[in-house]
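K.L.:
Chains as they are written, first to last, in the numbering used here: chain A, 1 to 507; chain B, 1 to 510; chain C, 1 to 141.
No lab work stands behind these hints, which were simulated from the structure alone. It is possible that part of the hints are untrue.
Unchecked claim - Computed Cβ-Cβ distance ranges for the label pairs, DEER-style: (1) C/Gln-127 x B/Leu-26: 40 to 50 Å; (2) C/Ile-7 x B/Thr-506: 52 to 62 Å; (3) B/Pro-290 x A/Arg-103: 50 to 60 Å.
Stated by the list, open to error - Here are the simulated BS3-like pairs of lysine-lysine, each with C-alpha atoms no more than 30 Å apart in a straight line: (4) B/Lys-106 x A/Lys-154; (5) C/Lys-38 x B/Lys-449; (6) C/Lys-135 x A/Lys-108; (7) B/Lys-378 x A/Lys-108; (8) B/Lys-437 x A/Lys-160; (9) B/Lys-377 x C/Lys-132; (10) C/Lys-125 x B/Lys-106; (11) B/Lys-106 x C/Lys-135; (12) A/Lys-160 x C/Lys-132; (13) C/Lys-59 x B/Lys-378; (14) A/Lys-26 x B/Lys-449; (15) C/Lys-38 x B/Lys-378; (16) B/Lys-449 x A/Lys-154; (17) A/Lys-75 x B/Lys-437; (18) B/Lys-285 x A/Lys-26.
A virtual CB, placed ideally from N, CA and C, is assigned to each residue, including glycine.
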Amino acid sequence: MTPENLILTALALPLAACIACLIFAKQPNLRDGLTLLVSIALLGTVISILQQFQSGQVIEASWWNFNPGVAIAFKIEPLGLIFALVASSLWIATHIYGVGYMRGNNEKKHARFFACFAFAIFATMGIAFSANLLTLFLFYELLTISTYPLVAHKETPEAKAGGRTYLGILMSTSIVFLLTAIVWTYVITGTMDFTPGGILTGKTEAGFLAILLALFAFGIGKAALMPFHRWLPAAMVAPTPVSALLHAVAVVKAGVFSMLKIGVYIFGIDNLAATGASQWLMWLAAFSILAASLIAMQQDNLKRRLAYSTVSQLSYITLGVALASSMGAIGGGLHIVTHAFGKITLFMCAGAIYVATHKTEISQMRGLGKAMPFTFIAFGIGALSIIGLPPLGGSWSKWLLMVGAADAGQQVMIGVLMLSSALNVAYLLPIFARGFFDGSIKSDGDDGDDGGGDGGGDGGKSFRENLKEAPILCVLPPCLTAAGCLVLFFYAGKIEEFLAPIIMGGS
Amino acid sequence: MMSLVENHAAILVVILPLIAAPLAMLFGNRNVAFLLSLAASAGSFLLSIYLLMLVKDGAVLAYHIGGWAPPLGIEYRVDAANALVLLIVAAISLAVLPYARTSIEKEIAEKNHTLFYACFLLCFTGLMGVTITGDAFNVFVFLEISSLSTYVLVALGAEKDRRALSAAYDYLVLGTIGATFFVIGLGLIYMATGTLNMVDLSERLASMEGNRTVRSAFAFIIIGMGLKLAIYPLHRWLPGAYTYAPSAVSAFLAATATKVAIYVVIRFMFSVFSIKFGFEQDTLKYIFFPFAVIAVFAASFIAVFQINVKRMLAYSSVAQIGYMLLGIALFSATGLSATLVHLFNHAVTKGALFLAIGAIIYQIGSPLMANMSGLGKKMPWTCAAIVVGGLSLIGVPGTVGFVSKWVLLMAALEAGLWPVSLMIVLSSLIAVVYVWKLVEILYLEPLPKDSQAREAPLSLLVPTWCLILATLWFGFAADFTVHVSDIAAQSLFDGKFGQDAIIMGTEGRS
Amino acid sequence: MAIDFDIDFILGHINYWLFVILMLTGLYIVVARGNLLKKIVGLNLFQVAVFMLYISMGKIGGGTAPILTGNPDEVYSNPLPHVLILTAIVVGIATTSLGLALIVRINESYGTIEEDEILELDHQKSQSEIIKVAKEASNDS
């Protein structure tokens, strides 16, 4: 296939899945099976793009002329390719999981759900391959809109309120800040193309650059930089597969990916380092990391705790850009991958727990680990990866970020990263621990009714009888992604190598 | 034959509907009337595409009516700016007519259907005439043709809601005052210059900046047209007229009438008077600018609180007119280009939205939001159209609304006015609120149990979706509209309307 | 700036003064009167004032009607404004008749042609719509 057609295929496949979902709304098995096939085909397409790209081909495509000199254009570069790879491979996992969850949980409106899901993947692919700010913005907004029905899926007043916050924050930040920033960049530089080394170098003075960076940083609300992070916890009203999609695959990753891409290809890492325009962003990101971790510790609702954990983890990537060192940027890129695998595992486990026991609060989960060992072990692996312990993928990205901080001469940031790891331990591991070690808590009054009963009175029962896992379709995917976390540890070096060219070029 | 049509294209776009109107009435059969109207609109539409293709790169065409050369005879003059507006009017008319055939069945008594078509065609004639003519007094004549028929069209909504009558009356009084102001202005410049041909006028007015007669003429013309185009404090007639008119009429008016009025203002500001005049620049700076900003915020804000969807869209129109004025007030070719782009884009979007809402009203019989809950399930195509149209109002990329916002923002930033750009983006957030209010009601509210709603008939859906697809298509391939608008704006700004024109239709005349 | 109250200036522009007075009278009636019929009367005055402006504008002292007589020294009034205003008169008549027709219809359906009362009736209708909506909303929840 010609390169242009490959990009077209990568975009058309999820779109076709979306349409197929609507057409076959009444035949659930056909619909879900078809979507699964499409998701596998998408992964295949992205991999073949990868192969072509590695053989040194320039892969680009552009279709509509938007303005004289500006078109809806796509171009493959390492960062976007990695992102696309993550998104398309995790789509398979989330789709399988979604089918299990939606059926196991008797949710309604499956067709709309999966159609919007596929459309969100379409938008994600567009973001990943975008060759200029305009295309990026187009798909960024499409992603917001297509995920709104997912967030408000339950149609309850809470879901509506959550959806409103979600849409309100993402839409207003993107229109007010991001659009202004993009147009402004265009007015200053006369181009919007992502160019290695950046396009703003030497075009404006440092102070203005900082303002522009602020517009971008706050404009990309999906990166959940404080104080525009509220939409993320609000979106937790959505069904869990959506949360997984939001946090690990599409939405937040699209946000930080855009941040990274803009930092690297619009501002230019060297330019940022030379002008110091990103200093303030670094401190804000550090604040976000710590503050969100602290808030996460206080949450009893599992999904909310994970949401704040995401807010914190996303700021790692923003920090990677703001450090303005090449290692920081690469570390940020790698963190997109490792965090995606870690967090999706955690969310899918949370969903599996909900499907099996209908428990949402952490305090109710004591002793559940014995009933749901696979789920909890997967959860543990995901948590360790997020914390950054070897031999899990998360350790590498954190390491690279620290190296980046050292390169940039920001010792404080190393401290922030280490402190944050400690906080991660404090809010993630107890969940895992409670699942298995519940001895002291058995006397707890309310515990006997819901969770502990199975785990506690296990005297003569065998392992199998104790088992009360969620349906297989809900348990298998988190186990797979947990395995992915492990595998990533060994392939991190390859990814790092692959990403290295992004900060070359310009300087 | 073909060359005859081509040579006389400039007059045919106006004449076709003008002839069809009385014919439609004389035949007295609603089907014949419909076919005649459709044929006339289609003809005008094709010819306006032809005209636009001729002028899209900056040429100017002139046509002398009856072979009488100006300034004695009336001259029609086409450049990129008015060719674009002609295309808008004709395209919307062509889209609305098939829709109207179905929608008026429930809104207007059958005996009045032929009269409806006649009035519609007259209104269409008037709007086309205002746009194409190069003679200032001719503008007035056509303006009144279109206005008078508009009053009738609005009043036709009285069968469903008697408030249409008082709305039409208000519109009549204010519209007539506006038109009369306009005539006073024309009289004054005629007194000062002794001509009414636009090109002639611009030549003679060029050296008359200090002339007080000319200044007051300018004031009269701007205020007169301001009433017609509903500049913010002069917009009182608009919400009522758009709300209570029959659906098809609302769509047609919202998409064309104010656009044509804006075109007239632009034409007079840039081509007849000279933009270099100090008093014009002051008008832009101290009158257009603040009122445009107020319009954008106040009208959007009012729209949020409406319970009648059509009224909400009407206020949104007032706000959108604010954007167009803002573009003019930026006083640059880019700003003017933004106005022209938005003229086109907003016509398509608002037309589509009014048609979609009309389809809902056709099915459930009520324009109130509260009665529309849960319709997303019953009328998926109509509601999807509303969502896309709404997104375009907000300015989401991939829709024409985004293109407008983009160009306008660029114009504001190029002029170094970042607070203005901030206001533009902030105001579109208010649009998010009112659009989303509707979307939530359509999709997330439960459907009433006794609901009998069904998907709208195809005859309503197809025109709506034609406009929606245009909304999307020109949102992606904005090259064409932006290019034409740039050319038009540049030529307006440089006063090229009076340049040597290619004179059409001289063949066969001696 | 000292304004020179030259009696000749005032008398010489008498047609404009009359025009201004007539026009403002008409406009005032449109704005101030609540009776729809009287508004139309005001609108007519307003329009007629403009006709007068145009007609007097075209008049040249001592000029005759512009009919070719073969005498090259004949002074004509400028016919163009007169012709223009013919069109405007036609428009004015159409507007008036349409306005009157609307008043008849309004009277039929509202039972009044006083603006205040019509506004009141319209207001009541919108209020009842709001109440209906509020009721339905409370029924739902």
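K.L.:
Against each hint, give a clear statement of whether it holds in the structure.
P.N.:
Each hint, compared with the structure:
1. C/Gln-127 x B/Leu-26: 40 to 50 Å: holds, 45 Å
2. C/Ile-7 x B/Thr-506: 52 to 62 Å: holds, 55 Å
3. B/Pro-290 x A/Arg-103: 50 to 60 Å: Holds, at about 59 Å.
4. B/Lys-106 x A/Lys-154: Not satisfied, since the Cα-Cα distance of roughly 37 Å exceeds 30 Å.
5. C/Lys-38 x B/Lys-449: Violated, because 50 Å separates the two Cα atoms, which is more than 30 Å.
6. C/Lys-135 x A/Lys-108: Roughly 29 Å between the alpha carbons, so the hint for C/Lys-135 and A/Lys-108 holds.
7. B/Lys-378 x A/Lys-108: holds, 17 Å
8. B/Lys-437 x A/Lys-160: Holds: B/Lys-437 and A/Lys-160 sit about 11 Å apart, inside 30 Å.
9. B/Lys-377 x C/Lys-132: holds, 24 Å
10. C/Lys-125 x B/Lys-106: holds, 21 Å
11. B/Lys-106 x C/Lys-135: Distance ~27 Å between B/Lys-106 and C/Lys-135 Cα, so the pair holds.
12. A/Lys-160 x C/Lys-132: Holds, because 24 Å separates the two Cα atoms, which is no more than 30 Å.
13. C/Lys-59 x B/Lys-378: violated, 68 Å
14. A/Lys-26 x B/Lys-449: Holds. A/Lys-26 to B/Lys-449 sits at ~22 Å (cutoff 30 Å).
15. C/Lys-38 x B/Lys-378: Not OK: C/Lys-38 and B/Lys-378 at ~49 Å, beyond 30 Å, violated.
16. B/Lys-449 x A/Lys-154: holds, 19 Å
17. A/Lys-75 x B/Lys-437: Given pair A/Lys-75, B/Lys-437 is violated - Cα atoms ~38 Å apart, limit 30 Å.
18. B/Lys-285 x A/Lys-26: It is violated: about 59 Å lies between the C-alpha atoms, which goes past 30 Å.
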